[in-house]
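Visitor: So the sequences go chain by chain: A and B.
Sequential numbering from 1 applies to the first sequence in our numbering.
Sequential numbering from 285 applies to the second sequence in our numbering.
To be clear, the hints were calculated from the coordinates, so they are not data collected in a lab.
Please note: incorrect hints may appear among the correct ones.
Unchecked claim - To give an idea of the interface, some chain B residues facing chain A are shown, with a C-beta separation under 10 Å as derived from the structure: (1) Ser298; (2) Met489; (3) Arg535.
We put the CB at the ideal spot given by N, CA and C, even for glycine.
Spelled out, the chains give:
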Amino acid sequence: MIEANNVSYYYQKDSPDEHKAVSGVSFKIEKGEFVVMLGHNGSGKSTLSRMMNALIAPSEGTMLVDGLDVSDEEDIYEVRRKAGMVFQNPDSQIVCATVEEEIAFGPGNLGMPRDEIIGRIDESLKLMNLEKYRTASPGRLSGGQKQRVAIASVLAMKPDYIILDEPTSMLDPIGRNQILGTLRRLNREEGIAIILVTQRMREAFEGDRILVMKKGELVYDGEPGKLFADRKRTAAYSLGMPEIELISEKLRKKGVNMGGFCPSVEEAADRIAAIYGRKLGKSL
Amino acid sequence: MNFLKNITIGQYASGDSFLHRMDPRFKLVILLVMVIQCFLLDKWLLLIAPFMFFVVASFLSGISFRFIMRGLKPVVPFILIAFICNSLLTPGHPVLMWKPPFAFSFSTDISGPVPEFDFFMIAMTAEGLDFGFFMSMRLIIVVLAASLFTLTTSPTEITDAIESLLRWGRPIGLPAHEIAMMMSIALRFIPTLTEHLERIVCAQMSRGADFEAKSIIEKAKCFIPVLIPLFVNAFKTAEDLSIAMEARCYRGGDGRTKLRAMKASWRDFASSAFVAVFCAALNYFQFFSRSI
Ligand SMILES: Nc1ncnc2c1ncn2[C@@H]1O[C@H](COP(=O)(O)OP(=O)(O)OP(=O)(O)O)[C@@H](O)[C@H]1O
Ligand SMILES: [Mg+2]
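When you get a sec, could you build the whole thing from the sequences and use the hints?
Guide: The structure is reproduced here in structure tokens:
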């Protein structure tokens with residue numbers, strides 16, 4: 001369990017430029033959950049996720065990963081192993097010259113025996129469908145493949161949680177869907193908790209729980225459907241709407257009975273098919 | 285734009301040959317020893333031996349000789365310039381001379397006293413040709429040796445070897461792991477930075493920057509608005525990368541496991557023994573030929 005208790009973070013603490021990026025955030029994320037974190041630019045999402053990975057320690061409050069305190073120097077490597085982190089830019093998070101060495105980087109840092117590292121490489125490559133690229137140079141891969149390499153190299157440390165800070169924002173739609181599919185599979189089949197930070201409203205419905213940040217504070221923690229059904233609140237949190245909901249809204253205005261908030265393309269298709277089927281007198 | 289597209293520093297051709305299988309540390313040491321040996325020799329006739337050594341070695345690399353030679357092409361102009369400059373500028377007996385307004389003339393008299401230097405004559409001297417030939421041979425051997433090394437040794441192997449060799453300097457405070465890590469990251473980021481550079485150049489050109497300027501000063505001026513964003517980018521990338529490395533538990537070289545172990549085998553011992561005998565023989569010949 002990742003547990004944040006009243007966590008705050010100041011940049012340039014105790015200097016004239018002191019800036020509070022996260023203030024008084026508390027939440028609990030259980031093993032095996034899929035949580036999506038939303039929020040406007042500068043709302044503190046990246047700062048909060050870096051605390052979960054012990055890259056920075058909270059200025060106030062405590063952050064515990066499976067009971068280990070991220071502020072405790074002795075535990076930070078165990079925290080980083082348990083809660084792996086994937087960043088936005090695929091080009092600036094790949095360290096090594098070949099895919100297999102990149103995957104071996106984390107386990108190597110942990111001082112794992114060589115045979116075990118090789119086993120981990122095999123496993124991670126298989127999970128990410130990257131077997132073909134084992135000895136490839138990461139520079140030659142596509143953006144989506146690079147992000148999969150980044151995820152594979154986190155997986156090699158056998159994490160219980162993976163925190164992804166806008167992993168799809170630099171990818172094309174194909175790469176984006178590949179990554180999202182992979183995350184879903186890792187969550188369901190491997191039981192790894194996923195914490196996905198994103199700016200895309202469509203991705204808000206990937207998980208069963210969303211956290212919304214606004215000006216450093218956690219303003220919503222719950223089901224995505226409930227929040228998005230409330231237009232006033234989403235506007236107050238500067239969240240947009242998924243594209244499909246925008247279309248549904250236009251249809252509603254034209255008199256099509258689309259029902260309430262429409263979270264996904266599949267849902268929209270079902271509703272439209274139902275309406276059209278009723279008209280034709282058969283079920284589609 | 286294709287700036288730097290043809291740079292093949294550390295180009296590696298994977299394979300399974302004798303040279304590929306050698307321990308990179310031994311390869312590196314042998315390379316250094318042979319290059320130093322070439323610089324100790326003072327007759328181009330003697331340089332034929334190390335040249336043949338590397339020709340034989342290139343057959344042991346499993347890479348076609350033509351491919352290796354193609355890699356040498358970019359240095360041909362340098363070798364030619366070195367040859368011509370040396371042959372013209374070394375004082376001695378002129379063999380091929382041109383003194384305007386007269387035509388070319390030859391001379392085969394190279395044993396007499398050195399004629400006085402004629403300011404208005406451009407002449408290749410016998411000594412210059414000899415020296416130019418010697419310098420070019422040296423250059424060819426060094427380039428051939430270095431490209432054989434990088435062709436058969438992956439960048440990771442090279443940095444591992446350097447780290448392992450630098451470790452001897454650790455008692456005097458040489459940061460072996462850090463140096464090797466910096467080198468490998470630099471190699472890894474050449475393509476990324478090239479891409480940044482191209483993007484910036486295109487962006488500047490689309491705003492009317494002219495990179496086809498005539499004078500060198502103008503050209504240099506054009507590059508200032510390119511270099512500044514490039515550096516800013518590089519620093520940003522470096523910061524991101526260091527965070528990403530930390531996030532994956534990086535904490536320096538102590539207690540780190542490498543994916544590959546370097547292991548010396550009979551190949552390495554045999555080649556080292558051969559190189560030792562080879563160099564000893566060369567030095568003996570050189571000494572012997574001098575004393576005659
Ligand atoms: N290194 C830093 N030094 C000072 N202030 C910073 C630093 N990094 C971030 N901040 C500030 O902290 C606040 C939160 O930043 P953070 O990066 O966590 O936001 P974010 O929600 O991830 O934003 P984005 O959606 O743009 O990624 C912002 O106001 C930002 O300006
Ligand atoms: Mg961010």
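Visitor: Now look at each hint and say whether the structure bears it out.
Guide: Going down the list of hints, with the structure as the test:
1. Checking serine 298/B against chain A: minimum C-beta separation of about 8 Å stays under 10 Å; hint holds.
2. With a cut of 10 Å, the hint placing methionine 489/B at the interface with chain A is violated, because the nearest CB-to-CB distance is about 23 Å.
3. For arginine 535/B, the suggested interface contact is upheld, since its CB lies about 7 Å from the closest CB of chain A, less than 10 Å.
Checked against the numbered hints given earlier, the structure breaks only hint 2 and satisfies all the rest.
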